[in-house]
Amino acid sequence: MRNIDRIEQDARLMTRVAKRDETAYKELVEAHMQRAYQTAFILLHDQSLAEDIAQEAFIRLWQQAPKWKDNAQVSTWLHRVIHNLCIDRLRQSRHLSNEEVPEQIDPTPSPIDKQIERDRSTQVQNAIEQLPVRQRQALVMIHFEETGQKEAARRMGISIEALESLLARARRKLKEQLLPNTDLRGDLK
Amino acid sequence: MTDEKMQRYRRYQEYLSIYGADILKWPDVDLADASRWLRQTEEIQQALEEEKELDFLLTQSLEQIKAPEGLMQKILQDTPRQENAQTTFIKHKKGLRAQALAPFVAAAFMGILLGAYLPQFLLDQTADTFDDLILQETFIEWEGSLENE
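Just so you know, the sequences run in chain order D and B.
1 is the number of the first residue of the first sequence in this note's numbering; add one for each residue after it.
1001 is the number of the first residue of the second sequence in this note's numbering; add one for each residue after it.
Isolated chain B, as found in the complex (with noise of 0.2 Å):
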């Protein structure tokens, strides 16, 4: 047997007990050539035998395993429902954020126009103002002075 021919069967030896017994899974060889090895003697028999029933348990333990029957209603009803709980998540989120933000700003608002709250920006005029209203002894006093400046 030439060194080629025995690094072939070599690599086919390794290949049965990589890949199985299904020649068609060896990667790049020559298929009449390889069962033709296969066939050679009753040791490679014996391993292709082996081999064929790891195969053949492998695929029967594949086909044992069955997806859960609610599975297929389950995948469909959940992925299009996440996608638009999560839009109107997103959504609700907005609403929620301008519906919270809306009675703190109208108690803003209503403070303003009470006197009972001052924003910062107008804060220094304004005290100055009603420092000059206590100061002062009437309303239209407090008013003119204000033409006045």
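With the rest of the complex left out, here is chain D (with noise of 0.2 Å):
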């Protein structure tokens, strides 16, 4: 479904949950499900905590039904609830201070990891889990989210110039962890 034809279905579906109608609310739940568990996935690394989140972004989105606004989003609301649900957990849990938390040396793999190494995606699961959280919080929304860079560096809070930045470390640090025998071609002369 074309992007835009998705907007408008969505805002049709939540005229529909406004009014309590389930089945629109199922239809949406189907439609955004696995994106915004993707989503909380990535910034969590945790199977049982992204469920939990994916669950409450949709208990929250049908609790503001009544109350949405024609020009919202769906998509754009739900990736912003989930994001902010994932900052709070990672508070919680202590893996973020208000400050921004220092860039990790590449850490020694446990064993666990070891095991897991050949499968290629949850490396890079993995190493985009070792990415400070400002940047996983970028890299998710434009790359995996293809949320704008004004949306984006208006979401967090920052200028462009800042997400961009952000960006940038992000990329070079998968790639010195994804793509070791490659030196860092991205540094053109």
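Heads up, a few of these hints could be off.
Said to hold, decoys possible - For lysine-lysine, the following BS3-like pairs were computed, each having C-alpha atoms within a straight-line distance of at most 30 Å:
| # | chain 1 | residue 1 | chain 2 | residue 2 |
| --- | --- | --- | --- | --- |
| 1 | D | K150 | D | K69 |
| 2 | D | K150 | B | K1074 |
| 3 | B | K1025 | B | K1005 |
| 4 | D | K173 | D | K150 |
| 5 | B | K1025 | D | K150 |
| 6 | B | K1052 | B | K1025 |
| 7 | D | K67 | B | K1025 |
| 8 | D | K26 | B | K1005 |
| 9 | D | K69 | D | K26 |
| 10 | D | K67 | D | K19 |
| 11 | B | K1074 | D | K173 |
| 12 | D | K19 | B | K1074 |
Rather than coming from a laboratory, the hints here were simulated on the basis of the structure.
What you are looking at is a predicted structure, and each value in this text was computed from that prediction instead of being measured.
Using the hints, put the two standalone chains together into the complex.
Structural data, given as structure tokens:
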């Protein structure tokens, strides 16, 4: 489904959800659940927490429906709620202070990490998990959610330059970890 | 090469490392010009390949993340139920409060009727009356004395 069609479809569904139409709600959950869960998982790297976050986000969507504004987009709203819930969870679990988390040096892989090293996707997910939260958040918004630069910067409360700096550092670090046989050719002369 | 062009190419170089290989994600660029730049040198093409590889890995890793099978059902079951549960709880709480208070209210009334418990606002006058009753010899006299007051 094209993005614009999805937005229009969501708006129609939200009107019905506001009237407590559970069929419409089911359609909305079906359309957005996968991406909602993926976003939460990428940010938290924990299946159980990601489930909780996705569930909570949809419950809030249901509760929000009667007050829904016509110009709001479900996907944008959901991603914002999920990001905020994830940041709250990370703060609670002390993975994140109010300050930027210091960047970590590539940690020694645990035995479990070694065991799952062959799984490329897990390796990528682990590499993303190693990123400082702000970098991860920027990467998720730009790469996974395809949020525009201005919107992403606005949501993170930073300038576009700061967002680009976070993204550049995130990608450089991922390349260091995931493409170790290539010297950083992104740094062109 | 003009300064303006050099500056533009420097910006493309930054975009490649910030937004990856997909030039559609680069903000406000002339796509044809950006495509030309990407083909310019072997070094740029090598960097492009590397960014493509990273983009591919990121996309692939996202696709591997699948929501657990039961999640959909869990969300659908819990959402309305939670709201109902909340409403039911509020109703239940109100019912509970009334139910819990009922025996106490009944006991208080019984107490008043039996004269075992005297509400404060009646206490002073009634206590005086009881004192009078004790002081006087009979109930008839006591009743008579009240009428006379």
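Cross-check of the supplied hints:
{"no.": "1", "hint": "D/K150 / D/K69", "result": "21 Å, holds"}
{"no.": "2", "hint": "D/K150 / B/K1074", "result": "35 Å, violated"}
{"no.": "3", "hint": "B/K1025 / B/K1005", "result": "20 Å, holds"}
{"no.": "4", "hint": "D/K173 / D/K150", "result": "23 Å, holds"}
{"no.": "5", "hint": "B/K1025 / D/K150", "result": "12 Å, holds"}
{"no.": "6", "hint": "B/K1052 / B/K1025", "result": "13 Å, holds"}
{"no.": "7", "hint": "D/K67 / B/K1025", "result": "33 Å, violated"}
{"no.": "8", "hint": "D/K26 / B/K1005", "result": "52 Å, violated"}
{"no.": "9", "hint": "D/K69 / D/K26", "result": "20 Å, holds"}
{"no.": "10", "hint": "D/K67 / D/K19", "result": "11 Å, holds"}
{"no.": "11", "hint": "B/K1074 / D/K173", "result": "37 Å, violated"}
{"no.": "12", "hint": "D/K19 / B/K1074", "result": "21 Å, holds"}
Violation of the numbered hints given earlier is confined to hints 2, 7, 8, 11; the remaining hints are satisfied by the structure.
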